[in-house]
Amino acid sequence: MSKRCGNIKLIQGNMICVGFDGDIIQNEVGYVVCGKERLMAEVIKISGGIAYMQVFEDTKGIKAGDTVEFSGKMLSVELGPGLLGQVYDGLQNPLPKLAEDHGFFLPRGIQLNALDYEKEWHFKPIVEDKKNKKISKGIPLGYVREGIFKHYIMVPFNLNDEYELEFVAPEGDYKIKDTIARIKDGKGQVKELNMVFDWPIKIPIDAYAEKSIPKEPLTTKIRIIDTFFPISKGGSYCIPGPFGAGKTVLQQLTSRYAEVDIVIIAACGERAGEVVETLREFPKLEDPRTGKSLMERTVIICNTSSMPVAARDASVYTGATLGEYYRQMGLDVLLLADSTSRWAQAMREVSGRLEEIPGEEAYPAYLESRIAEFYERSGLVELNFGEKGSLTIGGTVSPAGGNFDEPVTQSTLKVVGAFHGLSRDRANARKFPSIDPLDSWSRYFSFINADLIKKAKNILVKGDEVDQMMKVVGEEGTSIEDFVIYLKSEFLDTVYLQQNGYDKVDSATSLERQEYVFGKVYSVLNKNFNFDKKGHARKSFYELRQLFIDWNYKKWGSEEFKGQESGIDKFLEAY
Amino acid sequence: MRKVHSKILSIVGNVITVKAAGVAYEELAEVKTSRGKSLAQVIKIEDDIISLQVFSGSRGISTNDEVQFLSHPMKVPFSENMLGRIFTGSGVPRDNGPSLNENLIEITGPAVNPAKRIIPRRMIRTNIPMIDVFNSLVVSQKLPIFSTSGEPYNELLARIALQAEVDMIILGGIGLKYDQYMFFKNALEEGGALNRSIFFIHTASDPIVEGLMVPDLCLAVGEKFALQGKDVLVLLTDMTNFADALKEIAITMEQVPSNRGYPGDLYSQLAKRYEKAVDFDSAGSITTLAVTTMPGDDVTHPVPDNTGYITEGQFYLKGGRIEPFGSLSRLKQQVNDNTRKDHRAIMDGMIQLYAEYKETEEKRTMGFRMSSWDKKLLKYGNLFESHMMDLSVKISLEDALDNGWKILADCFESQETSFRTDLIKEFWPKKTNNEEVVSAGDKPEVYGVKDEDCEDDDKKLS
Chain A
1 MSKRCGNIKL IQGNMICVGF DGDIIQNEVG YVVCGKERLM AEVIKISGGI
51 AYMQVFEDTK GIKAGDTVEF SGKMLSVELG PGLLGQVYDG LQNPLPKLAE
101 DHGFFLPRGI QLNALDYEKE WHFKPIVEDK KNKKISKGIP LGYVREGIFK
151 HYIMVPFNLN DEYELEFVAP EGDYKIKDTI ARIKDGKGQV KELNMVFDWP
201 IKIPIDAYAE KSIPKEPLTT KIRIIDTFFP ISKGGSYCIP GPFGAGKTVL
251 QQLTSRYAEV DIVIIAACGE RAGEVVETLR EFPKLEDPRT GKSLMERTVI
301 ICNTSSMPVA ARDASVYTGA TLGEYYRQMG LDVLLLADST SRWAQAMREV
351 SGRLEEIPGE EAYPAYLESR IAEFYERSGL VELNFGEKGS LTIGGTVSPA
401 GGNFDEPVTQ STLKVVGAFH GLSRDRANAR KFPSIDPLDS WSRYFSFINA
451 DLIKKAKNIL VKGDEVDQMM KVVGEEGTSI EDFVIYLKSE FLDTVYLQQN
501 GYDKVDSATS LERQEYVFGK VYSVLNKNFN FDKKGHARKS FYELRQLFID
551 WNYKKWGSEE FKGQESGIDK FLEAY
Chain B
1 MRKVHSKILS IVGNVITVKA AGVAYEELAE VKTSRGKSLA QVIKIEDDII
51 SLQVFSGSRG ISTNDEVQFL SHPMKVPFSE NMLGRIFTGS GVPRDNGPSL
101 NENLIEITGP AVNPAKRIIP RRMIRTNIPM IDVFNSLVVS QKLPIFSTSG
151 EPYNELLARI ALQAEVDMII LGGIGLKYDQ YMFFKNALEE GGALNRSIFF
201 IHTASDPIVE GLMVPDLCLA VGEKFALQGK DVLVLLTDMT NFADALKEIA
251 ITMEQVPSNR GYPGDLYSQL AKRYEKAVDF DSAGSITTLA VTTMPGDDVT
301 HPVPDNTGYI TEGQFYLKGG RIEPFGSLSR LKQQVNDNTR KDHRAIMDGM
351 IQLYAEYKET EEKRTMGFRM SSWDKKLLKY GNLFESHMMD LSVKISLEDA
401 LDNGWKILAD CFESQETSFR TDLIKEFWPK KTNNEEVVSA GDKPEVYGVK
451 DEDCEDDDKK LS
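Protein sequence lines correspond, in order, to chains A and B.
Everything in the first sequence is counted per the working numbering, starting at 1 for the first residue and increasing by one.
Everything in the second sequence is counted per the working numbering, starting at 1 for the first residue and increasing by one.
Hint data in this document are derived by calculation from the structure and do not stem from the laboratory.
Be aware that one or more of the hints could be misleading.
In the SDA-like style, the derived pairs of lysine to any residue whose C-alpha atoms are separated by at most 25 Å in a straight line are [said to hold, decoys possible]: (1) A:Lys60 x B:Asp422; (2) B:Lys341 x A:Lys462; (3) A:Lys471 x A:Ala537; (4) B:Lys341 x A:Thr494; (5) A:Lys462 x B:Arg369; (6) A:Lys63 x B:Met253; (7) B:Lys19 x A:Glu355; (8) A:Lys97 x B:Gly229; (9) A:Lys177 x A:Asn113; (10) A:Lys534 x B:Lys224; (11) B:Lys224 x A:Pro96; (12) A:Lys539 x B:Pro77; (13) B:Lys425 x B:Asp399; (14) B:Lys363 x A:Thr494; (15) A:Lys3 x A:Gly61; (16) B:Lys247 x A:Gly61; (17) A:Lys202 x A:Cys5; (18) B:Lys230 x A:Glu277; (19) B:Lys358 x A:Gly401; (20) A:Lys454 x A:Glu465; (21) B:Lys425 x A:Asp569; (22) A:Lys504 x B:Arg122; (23) B:Lys363 x A:Asp425; (24) B:Lys75 x B:Leu391; (25) A:Lys462 x B:Lys363; (26) B:Lys425 x A:Gln564; (27) A:Lys455 x A:Val521; (28) B:Lys425 x A:Ser558; (29) A:Lys504 x B:Asp422; (30) A:Lys60 x B:Arg122; (31) B:Lys185 x B:Pro77; (32) B:Lys37 x B:Phe78; (33) A:Lys36 x B:Asp95; (34) A:Lys97 x B:Gly109.
Build the full structure now, drawing on both the sequences and the hints.
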């Protein structure tokens, strides 16, 4: 078969225009031949016999007239056992392997296998090797053990027919490219299947029976989220915030403590330093649920801000595709994308080079639909073989100037189920997490009684009103009743909504503890205090606050925990 | 020898176009004009029409001037001999020393593989409390100094350069005023640091395009030294000028502007430079401090805004002081748990109280009566500003922490602060009668005066 080739006509930044003969596919991958290097590029527009392509690498040294070889494939990832624990770039090149081969820097034009082709996996069939057994995409043929998970080897999702199973391999050790099954389609054509297949990243995986409404809470162990602005398994949420408000710290804590099976971190156009922290720390951290290294349940897709812009666009899709793949095995997956604004900016750069008519703030007109498409890849699904799996997507947004009235934040808010808005003021006052309790919302249900939550929120709102009023009329112009409401709201904020992300105990609060502590906090909110003077009220609340803060640092269920609690009870009895 | 092209097709802004074949993207060319030679770089190729940006600007270029392509991208010499030398934005000597042509390296090399980075754990002590205590500077950090014209940002930069524990300093000036350039030179010379410094200076009177190269030159050279095991501090002033140069070129090239005329890839362009800051696994490091002046003191302006999203925190320099609000070192948590165990508590606690002071101060100026709590806060705020924030304070981290406790004890009862009880037990100073708790320190007179002021105000108000 002759290779389809083209010639470069124009080079500007990371965009090239390529003249071609014959046919070409939108989003097809091509390789620019630049000396000895082959630089990967993707077709993003075809017009008048010219293919507009974005190059995933630095374009230095490319000349007009250079050859581009088309591959006939859309931008895809390899799916199979061995993904967990990996650190990939946006195009699924394993970074540790690159470092081993090429040292400190990321060389151009290197494409490595995403998975280890030599490693042997112990395969155990679960379908019966029986004639006339009907089988279709997404149905597991067997499984291998990947860490603590049963990694199902499934009929590839791109086989859309119904097939007859001809052969499935017996239990034993196989490499991922070894044949483990043979299936026959309606026309009698036989296909050999192994443990790995490709899937184009920009297309959602749809090998499931039904998508259902997310109901079950996803525990993050962050009190303000779980109690007040919860997330559901299969839901989606966003964290917009100005720089320095703690988006990334919040994401990192979530990736550590969230009660899900698998976490996929897509570091998209952000600082390399932050990824390094995850990269170096996770292997050492213990997964509280399994006792094994956290890395064994994590995949990191890392396309930091200094890496080529075009691959940034790919990284979020790669993350979503890997997430969907594990969801197909009946697992609960959480994809954390940090930050979706960088991805949007990458779209804007490309759109600008294509000289498209710019929309708001020069973002392309299709920004909204792209963002919606991305978040809609989340979901709780019933699979073709009865089990349920979920993919939850949480994206951070970095709005210009911290102003939420910008296209990326607004487009995101339209499609997500929960909004955790970070506030500059709270961050400046060193309140962590800086999620603004008055602005944020969630459409999912908290595990705590909705009435209590409503009342607690009400106190926050009223407290804020009193605070505003006090700024005008002063403390002396405020009634003692109002002043106590203000103190109560401050109390709730300090001892419950805020959490010390760097303390061993306080950084993660289990649901059980949250319920217990919230009960106690609520009893304070609900209590009628009789204070004669504001000074007295303030002093009492500060003491109470201190008691609760110390309580938060005590290990759940320990003697100190109980001791501190009885101290609190005694204090409260006095009023 | 490459062919010489002597027909310039267009001259628009600082960009010229010529017809030539076989030219590579980002290749360098030499333009010979009546005013002398200038370098130019390929920024667009459309078949055989090549667009070049001319570093020395297009003034005086004739359509029949000669353009010769050099078959290589921009390069810079790299050797130990560069120490103590001063170069221009094109990488040629600015002092009267000999030109260096050995060991040329490419600038704008590939990105560092994140897998080869290590978590930074080394603090760079500067003996400035607002940095050491509240926002510690860490090896491999990239931090901008957000400021406005007229603030002493270059003075701060020079002071950090002299006091910071690093092996060498690379200063990149972009659109630097000539007197500021001389200031740096003199300051580092007097401090005895010039022989471990390299300057790449583009002054305000030089052609704007030349300024675009300065960060790349600094970082390319810095990276090589870092790979040899050196801890390099790169100082850039001022990155807003760099962004403005980018804007000028983008508009000349008729790119669609995204925000206030800046190109859509401003974030990526800035990130590419800042992300060169690195702590190499088993080699040296690059730490970057970059002045970013905010037009109109507006932090939401595209340049500071994009910068803030890239860098690992920021220092706000306002009114001659590093502001505690907004200033942030994202890496401080990596180092401040193994300095002294009260470090983090002091850092958070003092800022929280200072925030309360600011609110009270606002109420006071509006004429509200001050409660006894308010009076405590006012006293605290004044002490904090004079003993911690003032830029002239030069004390070690440990002394600064001790001072912090003294200030707190002087203003509050221990339970009024939200410190953990165990820390209060260990660090809260025991008060004895008639003893001035805050040590005389650098400015005893400030302490006394401010305190009286505070009481006077109270009388007036009541």
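Against the structure, the hints:
1. The straight-line distance between the Cα atoms of Lys60 (chain A) and Asp422 (chain B) is roughly 59 Å, outside the 25 Å bound, and the hint therefore fails.
2. Between the alpha carbons of Lys341 (chain B) and Lys462 (chain A) the distance comes to roughly 38 Å, so the proposed pair goes past 25 Å and is violated.
3. Using a Cα cut-off of 25 Å, the hinted pair Lys471 (chain A) and Ala537 (chain A) holds, with the two alpha carbons roughly 19 Å apart.
4. A hinted pair counts as satisfied when its Cα atoms are at most 25 Å apart, and Lys341 (chain B) with Thr494 (chain A) qualifies at roughly 22 Å.
5. Only pairs whose Cα atoms come within 25 Å are accepted, and Lys462 (chain A) paired with Arg369 (chain B) is accepted, the gap being roughly 24 Å.
6. Straight-line distance between C-alpha atoms of Lys63 (chain A) and Met253 (chain B) comes to about 19 Å, which keeps the hinted pair within the 25 Å bound.
7. Between Lys19 (chain B) and Glu355 (chain A), the direct Cα distance comes to roughly 24 Å. Compliance with the 25 Å bound is thereby established for this hinted pair.
8. For the given pair, Lys97 (chain A) sits about 24 Å from Gly229 (chain B) by alpha-carbon distance, which is consistent with the 25 Å threshold.
9. At most 25 Å may separate the alpha-carbon atoms for a hinted pair to count; Lys177 (chain A) and Asn113 (chain A) meet this at roughly 12 Å.
10. Between Lys534 (chain A) and Lys224 (chain B) the alpha-carbon distance is near 64 Å, which puts this suggested pair outside the 25 Å criterion.
11. A threshold of 25 Å between alpha carbons decides the hint, and for Lys224 (chain B) with Pro96 (chain A) the separation of about 22 Å falls inside it, so the pair holds.
12. For the given pair, Lys539 (chain A) sits about 67 Å from Pro77 (chain B) by alpha-carbon distance, which is inconsistent with the 25 Å threshold.
13. Only pairs whose Cα atoms come within 25 Å are accepted, and Lys425 (chain B) paired with Asp399 (chain B) is accepted, the gap being roughly 19 Å.
14. The suggested pairing of Lys363 (chain B) with Thr494 (chain A) holds, with an alpha-carbon distance near 23 Å, which does not exceed 25 Å.
15. Restraint check for Lys3 (chain A) and Gly61 (chain A): satisfied, since their Cα atoms lie roughly 24 Å apart, inside the 25 Å limit.
16. Distance check on the hinted pair: Lys247 (chain B) and Gly61 (chain A) sit about 24 Å apart at the alpha-carbon level, within 25 Å; holds.
17. At most 25 Å may separate the alpha-carbon atoms for a hinted pair to count; Lys202 (chain A) and Cys5 (chain A) meet this at roughly 24 Å.
18. Taken as a hint, the Lys230 (chain B) and Glu277 (chain A) pair is honoured in the structure, with Cα atoms around 23 Å apart against an allowance of 25 Å.
19. With a C-alpha separation of about 23 Å, the suggested pairing of Lys358 (chain B) with Gly401 (chain A) holds against the 25 Å cut-off.
20. For the hint pairing Lys454 (chain A) with Glu465 (chain A), the CA-to-CA distance comes to about 16 Å; that is within 25 Å, so the pair holds.
21. Of the supplied pair hints, the one linking Lys425 (chain B) and Asp569 (chain A) holds, its CA atoms being roughly 23 Å apart against a limit of 25 Å.
22. The suggested pairing of Lys504 (chain A) with Arg122 (chain B) holds, with an alpha-carbon distance near 22 Å, which does not exceed 25 Å.
23. For the hint linking Lys363 (chain B) to Asp425 (chain A), the alpha-carbon distance of about 18 Å falls within 25 Å, and the restraint holds.
24. Between Lys75 (chain B) and Leu391 (chain B) the alpha-carbon distance is near 39 Å, which puts this suggested pair outside the 25 Å criterion.
25. Between the alpha carbons of Lys462 (chain A) and Lys363 (chain B) the distance comes to roughly 21 Å, so the proposed pair stays at or under 25 Å and holds.
26. Between the alpha carbons of Lys425 (chain B) and Gln564 (chain A) the distance comes to roughly 17 Å, so the proposed pair stays at or under 25 Å and holds.
27. For the hint linking Lys455 (chain A) to Val521 (chain A), the alpha-carbon distance of about 12 Å falls within 25 Å, and the restraint holds.
28. Between Lys425 (chain B) and Ser558 (chain A) the alpha-carbon distance is near 22 Å, which keeps this suggested pair within the 25 Å criterion.
29. As the CA atoms of Lys504 (chain A) and Asp422 (chain B) are separated by approximately 16 Å, the hinted pair is consistent with the 25 Å bound.
30. Between the alpha carbons of Lys60 (chain A) and Arg122 (chain B) the distance comes to roughly 35 Å, so the proposed pair goes past 25 Å and is violated.
31. Our distance criterion of 25 Å between C-alpha atoms is met by Lys185 (chain B) and Pro77 (chain B), whose separation comes to about 21 Å.
32. As the CA atoms of Lys37 (chain B) and Phe78 (chain B) are separated by approximately 23 Å, the hinted pair is consistent with the 25 Å bound.
33. Between the alpha carbons of Lys36 (chain A) and Asp95 (chain B) the distance comes to roughly 41 Å, so the proposed pair goes past 25 Å and is violated.
34. For the proposed pair Lys97 (chain A) and Gly109 (chain B), the alpha carbon gap of about 20 Å is at most 25 Å, so the pair holds.
Checked against the numbered hints given earlier, this structure breaks hints 1, 2, 10, 12, 24, 30, 33; the rest are met.
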